[in-house]
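Sequences listed follow chains A and B, in order. Quick note: the first sequence uses this note's numbering, first residue -3, plus one each step. Quick note: the second sequence uses this note's numbering, first residue 1100, plus one each step.
Do not rely on the hints blindly, as some may be mistaken.
[As the list claims (entries may be wrong)] Where chain A lies over chain B, by a calculated footprint (3+ residues, C-beta under 8 Å): (1) 1123 to 1130; (2) 1146 to 1154; (3) 1174 to 1180.
[What the hints assert, rightly or not] In silico DMTMM-like pairs for lysine to aspartate or glutamate, Cα to Cα no more than 25 Å straight-line: (4) A:K31 with B:E1157; (5) B:K1179 with A:D22; (6) B:K1179 with A:E55; (7) A:K233 with A:E164; (8) A:K132 with A:D22.
[To be verified] If you anchor each label on the Cβ, the simulated ranges turn out as follows: (9) A:L858 with B:T1111: 30 to 36 Å; (10) B:A1203 with A:K784: 53 to 59 Å; (11) B:T1111 with A:L778: 57 to 63 Å; (12) A:E36 with B:T1111: 35 to 41 Å; (13) B:G1200 with A:E45: 32 to 38 Å; (14) A:E54 with B:G1123: 28 to 34 Å; (15) B:K1183 with A:G776: 19 to 25 Å; (16) A:D26 with B:T1111: 28 to 34 Å; (17) A:L433 with B:G1123: 32 to 38 Å; (18) B:N1204 with A:S84: 18 to 24 Å; (19) A:E36 with B:G1200: 47 to 53 Å; (20) B:R1173 with A:E36: 39 to 45 Å; (21) A:V839 with B:A1201: 51 to 57 Å.
It should be emphasised that the hints constitute simulated quantities derived from the structure, not laboratory data. Values in this document were obtained by computation on a predicted structure and should not be read as measured data. For every residue, glycine included, the Cβ atom is placed at its ideal position computed from N, Cα and C.
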Amino acid sequence: MPSWKFPSGKRTFDPQFDSELRFHVDKLTDEFIAKGMSPEEARRRAVLEFGGSEQIKEELRDVHRIPVLETALNNLKWALRLIFKSPSFSMVVMLTLALGIGANSAVFSAIDAILLRPLPYPEGDRLMELRQINQKVQKPQTRLAPPRLEDWNRLNATFDAITGFYTEDDSETSGPLPEKIEVAYVAPRFFQVFGVAPALGRDFNSAEGQFGGPNAVLISDRLWRRRFSADPNVLTKQLRFHNAPWSVVGVLPPSFAFPDRDAEVWLPVAPDAPYAQHREWGWFIAIGRLKPGVSADQARANLEAVQAQLGKQFPQTDADLTPGIVPLKETAIGDVGSSLWMLFGAVSLLLLIACTNIVALLLARGAQRRHEISVRLSLGAPRFMVVCQLLTESFVLAVAGALLGLGLAGAASGVFRSLAKDLPRVEEIHLDGRILLYTLACSVLATLLCGLFPAIRGTRGSLSDALAQASRSQVSGRTPLQWFLVGVQVALAVTLLGGAGLLWRSFQALGRVSPGFDANNVLSFHITGSYGETADWEKLQSRIWRTLEELRSLPGVESAGTAMSLPGVPNTYQNELTLAEAQTDPNRKIIAETRVVSPSYFALMKIPVLAGESCREDVHSVNAMVNRSFANAYFQGTTPIGHHVQEPTNPFLPGGEIRGIVGDAREVGLNREPVPTVYWCLSAADPDPYYLVRTKTDPSAMAGALRRKVKEIEPARSVFDIVPLEEHLNDAFAQNRLRTILLAFFAVTAVSLACIGLYGTLSYSVTVRRREVGLRLALGALQGQIVKQFLLQGLTITLLGCAAGWGLEAASARVLSGMLYGVSPSDGPTLFTVVLLMLMVAVLAALAPAIRASRLDPLQVLREE
Amino acid sequence: MPIEKSDLLQGTLDMLILKIVTLGPIHGYGISQRLRQISKQVLLVQQGSLYPALHRLEKRGWLEAEWGESENGRQAKFYKLSAKGKQQLKKEESNWNRLAGAVANILQTAQ
């Protein structure tokens, strides 16, 4: 006997065996003594007649052993043999599972990387983003002023340290051409909070962090490779920003990508700089590292106390503020969570469909193997063992499918990365041990889902039933369970297809809206500018005016302008405004979207001026335009033209006269209705606005000419992000598009699987009913009748499945409602089309087996028996 | 002529054991005694080889076993028929009778 059998019996049962066997031998001895033998002689005879007790004990142990490993190996051998015996069946099962598990693992790898894992910093879950909140203003959440950041850091008791950052696109001018580089300006303690040390060189020292200290920068791994060819002597090199040299003191590790993956240079902001002492200026997004064991709520309570104290100390600026705390991970991943979970739901449904499909296949096969299984049961195989054997088969298929699926997931995550470049943390998606484990868990689950039920059902009933059923006189071919499963598949597929249809329709609806502006032939770009320029507004203004003049002079350019935000790209800036003149209703707050644009913007974007005149711009005053919604909402019956508006929360913007009314445009996003809007006519509200140029021909073709022109007039500045406005609008809905494409892909897969299920089950049904069909044909039934009968059987079940799917869709529509535009979750035409589509595909799937049934040769069928 | 164990089909031995146990709880020694008495010494089974069969039947749930006191006061393992065993016995008996009848028939007609 192999020694690696499960040794359960040996120790536990041996004493019992001994006493049972000894009892027998003793009784036998007594019997012989009673017959007149001497005790020794009687004992000898008894032992002889009883037989070798050691050998018997070994046999007893065998009875009680559970030969786990041997059974498992045997099962495996059997499973492999059976799988190779019916390769097409195995192939179908494997591919179906590969699809189901692969899609599931791919989406899970994205969810794991983006949502589940902590940020890639040591104990990243302790990092919090901090904001200051003023509930009394329209846009309550603002950035932190440098002195307040230092106060919070000094006075709190719950954070290891608090730091902050803001980013700017600067021009780096040490090379032959200026290059735009995203620079992160960081408060002290920045790398300490992240727990990240430079891979090369060092963090800023205290002198570099002070006003007037040496100029020092840290650079990204990418910049190090690109500009310095990964030179280990980079620490002796310099970069040029704002016309001054900055020494490279360190290179960060490649994994460090904060604030975002485009940040390439980190510069310290001195908290003691004279220009950084205003408590009302919002500079920083603050980041804090919680002390170990401190919860976000405790930290919030502590910071609230700190801020309340500051409010007493600085009532002017601090009294209305409260701190806001959000885990950094939440702000880093934004709103992709709902999309990802929706996709995960979709692929889980897909896996469920795949499993249902396989259950139907296994049930059909189980019926064919019923005879074999019954014989094995009747020969004494325990039912448990037979079930194990059948499950081993499913498991081998599931693991093979999962391996294939993993390959699929690997390929898919590559596709995912390239399709969803803008997704946060997308570079962290890869296949690793966790995904492997998840996939394995999926295949075990699939085994149980797919295999258990058919195995239990297949081993039910007695030999005589099975043998009787296998006998040739049996005509019955009822397979209600298989049909139920087909119905379930159809229902799930219809649910997915309905979801995809709704997303598709809202995508179309979005393309049909009339935005109120014309994005065709408009090119947008940036020219580097730095906040330092705001020290001299007039100089900044004349720089931008001059640039716009030069751009307009280019052949092929119709008009040029600037805007602080792009029209139609989701971004909103609502403000409370006041009027210098008496308001029509003094109690009514005036709340409007505020946009800052150059006066040429309206002509450039083809937003019509409905009343009054277009605004003008000069050095001394600011004009404003309002849109029709604003006029209708706040000046019913009168005209806003000539009134003066101002923004009380913005100390930098003097009030301005309303010069005219323009048409409504979907400024805050193509998917949003126009809201009351005030346009401030300022070309140079910021050193780095969006430049917009309307071209006479294809805007992308103008990029080169624009670059050359800017190089000519501003040799120290770089042009970047030259992108047609239409592309920006498309990108704004990239996530939208991605999830639509993916869901559509899953839905098509689901429908294909459901069709395979329908085809397989109908084929099986035809096989089982061959004899009946043959008889009917022999008795004169028309081929058309047979086709109709099978077709109807398939369609009835499809129709029932569609009805159930419709119900499921209605129930799950809530998940989608936030992602839809211009179409209701229970949109009739969409669902109707989906059902129609499903029925059409179902007819195709059912036609082949139905026709095959009608072409049966009655003579041959009857002879087979 | 006595029939050796090797000639005795295992299934037959199982059936005989089940049959003997119908009479009530009985230990292994008792079963072997009965086997000898009833078969009038025709079936010679080495007594020890009874036990693997008993344990197998117990494991299948056809026999139930319990330790109890024997007639001379010693601890012994007593076997009795379970409900499942009763059904099994019925099935095997009818199978056996059919087979035996068929074989007898063949032998008679062949004569």
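Has the given pair, K31 of chain A with E1157 of chain B, been kept, meaning a C-alpha gap of at most 25 Å?
-> Judged against 25 Å, a Cα distance of about 33 Å means the pair is violated.
Falls inside 28 to 34 Å, the C-beta gap from E54 of chain A to G1123 of chain B?
-> holds, 31 Å
Would the pair K132 of chain A and D22 of chain A pass a check requiring their Cα atoms to be no farther apart than 25 Å?
-> violated, 100 Å
Quick one: are R1173 of chain B and E36 of chain A within 39 to 45 Å, going by C-beta?
-> Given a distance of about 21 Å, which is not inside 39 to 45 Å, the answer is violated.
Pair hint outcome, K233 of chain A versus E164 of chain A [Cα-Cα no greater than 25 Å] | Within the cut-off at roughly 22 Å; holds.
With 51 to 57 Å as the target window, see if V839 of chain A and A1201 of chain B comply at their CB atoms.
-> Holds, since V839 of chain A and A1201 of chain B (Cβ atoms, about 55 Å apart) stay within the stated range.
Per the coverage rule (Cβ-Cβ under 8 Å, at least three residues), is the region 1174 to 1180 of chain B covered by chain A?
-> Our answer is that it holds, as 3 residues pass the Cβ test (under 8 Å) against chain A, meeting three.
Starting from the hint 57 to 63 Å, judge whether the C-beta atoms of T1111 of chain B and L778 of chain A obey it.
-> holds, 58 Å
Measuring from beta carbon to beta carbon, are N1204 of chain B and S84 of chain A in 18 to 24 Å?
-> violated, 48 Å
Would you check chain A against the region 1146 to 1154 of chain B, counting CB to CB pairs closer than 8 Å, and say if three or more residues qualify?
-> Since three or more residues must qualify, the claim that chain A covers the region 1146 to 1154 of chain B holds, with 6 doing so at under 8 Å.
Does D22 of chain A lie within 25 Å of K1179 of chain B when you go C-alpha to C-alpha?
-> holds, 22 Å
For E36 of chain A and G1200 of chain B, compare the CB-CB distance with the range 47 to 53 Å and indicate the outcome.
-> holds, 50 Å
The structure fails hints 4, 8, 9, 15, 17, 18, 20 (numbered hints given earlier, in ascending order).
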